[in-house]
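Take these sequences, add in the hints, and give me the full structure.
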Amino acid sequence: MVSGSAEFEISRRGVLACSGAAVALTAVPAEAQGPTAAAAPATLPVTLTVNGTRHDLTLDTRTTLLDTLREHLHLTGTKKGCDHGQCGACTVIVNGERINSCLSLAVQHQGDKVTTIEGLGTPDKLHPMQAAFVKHDGFQCGYCTPGQICSAVSVLDEIRRGIPSHVQADLTEKPGFTNIEMRERMSGNICRCGAYSNILDAMSDVAGERA
Amino acid sequence: MKSFTYERATSPAQAAAIVARTPGAKFLGGGTNLLDLMKLEIETPTHLVDVQDLKLDRIEKTREGGLRIGALVTNTALSADERVRRDYGVLARAIQAGASGQLRNKATTAGNLLQRTRCPYFYDPNMPCNKRKPGSGCSAIGGYSRQLAVVGSSDKCIATYPGDMAQAMRVLDAAVETVKADGTTRAIPIADFHRLPGDRPEIDNVLERGELITGIALPKPLGGQHFYQKVRDRASYAFALVSVAAVIQKDGSGRVSFGGVAHKPWRVAAADAALPQGAQAVAQRAFAEARPTEDNRFKIPLATRALASVIAQAKAPRA
Ligand SMILES: Cc1cc2nc3c(=O)[nH]c(=O)nc-3n(C[C@H](O)[C@H](O)[C@H](O)COP(=O)(O)OP(=O)(O)OC[C@H]3O[C@@H](n4cnc5c(N)ncnc54)[C@H](O)[C@@H]3O)c2cc1C
Ligand code: SF4
Ligand code: FES
Ligand code: FES
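Note that the protein sequences, when read in sequence, are chains A and B. Going letter by letter, the first sequence gives residues 1 to 211 in full-length UniProt numbering. Going letter by letter, the second sequence gives residues 1 to 319 in full-length UniProt numbering.
In case anyone wonders, no lab produced these hints; they're calculated from the structure. This list has only true hints and no planted wrong ones.
Below, a list of computed lysine-lysine pairs in the BS3-like style, where the Cα atoms sit at most 25 angstroms apart: (1) B:K2 / A:K80; (2) B:K39 / A:K80; (3) A:K174 / B:K61; (4) B:K39 / B:K133; (5) B:K220 / B:K55; (6) A:K113 / B:K55; (7) A:K80 / A:K113.
Keep in mind the model is a prediction, meaning the values are calculated, not measured.
Right, dumping it as structure tokens:
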């Protein structure tokens, strides 16, 4: 979805006209008439590169990265579980690092490169982690799975880069691809179906091929 | 979520000036705490000043032989820094014990320090809460208080400061460096940074309106053995019931800060001095003025045992 500049002009004027009407009809407290609150639009242009495709969008400032992906770009692979950073269903990879897309505004990601589950692989050409989840039954209902897979791919990368973790015995050593390391690092992804041990098997499989 | 306007600041002083002069404005770091609270309309800023472009994302040596951590250094980057892992292990450990990998990738050093309480009533807009709505009352007093403070609380609020990283900063005697709207800077000792609730539980810390955190300065390394022992309801991805940040020297002397027990990192000079006499002696001094509730009385023996385990690890011959 690409919104052209003409469309942006119209929606921007629309917003200004509406807020003008609101000012006329209701007595707005002096505070709200400050330089920013009334005059500045509550929408902004945002450019994102998602799975290699550039998108020029105009979004309400309140739109999270998660809702941008799902509602505006129709990439519904990324899931909304809690919307509060507590479950990991919304995990995506931004500029090479996994984050919770529900706790990030799209406007914070101007110019960023986002990889979602749709960008890791396709049904014809699965990412090794996707293939391993299938092979090891790393899911039941599948709702948490896109987040689990994005996280799992990042976890192996983080271990490879030597990012330390809570369970590491010696902080100055490099972490290994051990079961306990992967479990700790996956704790931000909750699975209501309890597929955890199979997810670990899938990750160990992929890690083993790499090591 | 309430509507808001958004801009990116281009310099620290400019960011401070915008927030100071714009009613309803707030800084935006990683957003992992602020956005959470905005969705529940517990925080309702009308303008967000995103600080991500301020280039405060470096960790540098100071002239005094310590480290200066930029306000925007992510939790992941800070806990992975080689100097931090080698010389300030308590800090690396405390960060790794908090939140999740995804959150630590986004959370900033300044935002982490400023995270708000996790009191369940603060998070429930239907319930009275003096911190969220001054004067409305405290639902936790007489309510469900298992996670809440045992010491330093007031009749207005018994919330805890929930963060892990700040416990380590307290043990290390870090200083919070800021810039104000008029461009002046100051360094606030971490001991004075977070407040006790007193009569104004809505105020968490001593920052002035529009005062921007630019970085955290760590004094030169303390040596000794570094520990962060966190006790929680599940093994990972949960806030502390209690935690112990400690640096212990060969002779048994050292420093200790308790997390999950008060409205700020809880470190008491007399308790530090009692470290060579063991965990009981420390706890007696740290919790001398404790006022626990029936629900959270368990935190005092739990914190004592967590410290005893740290002291035992310090004494154990190194493998
Ligand atoms: C599910 C979950 C579990 C968590 N578990 C833990 C845990 O176990 N332990 C733990 O310690 N934390 C935990 N956290 C909290 C997490 O650590 C914080 O959300 C994070 O550190 C906040 O950093 P941020 O940069 O995203 O802050 P933001 O949300 O961007 O900002 C927080 C506050 O700081 C202000 N601010 C930001 N930057 C500056 C600046 N430079 N100067 C002045 N003010 C500024 C903002 O205005 C805001 O008021 C958890 C969070 C979640 C959602
Ligand atoms: S303890 Fe503090 S934060 Fe919790 S309900 Fe009472 S006033 Fe609110
Ligand atoms: S939807 Fe983002 S963590 Fe649950
Ligand atoms: S597979 Fe159902 S929630 Fe994980």
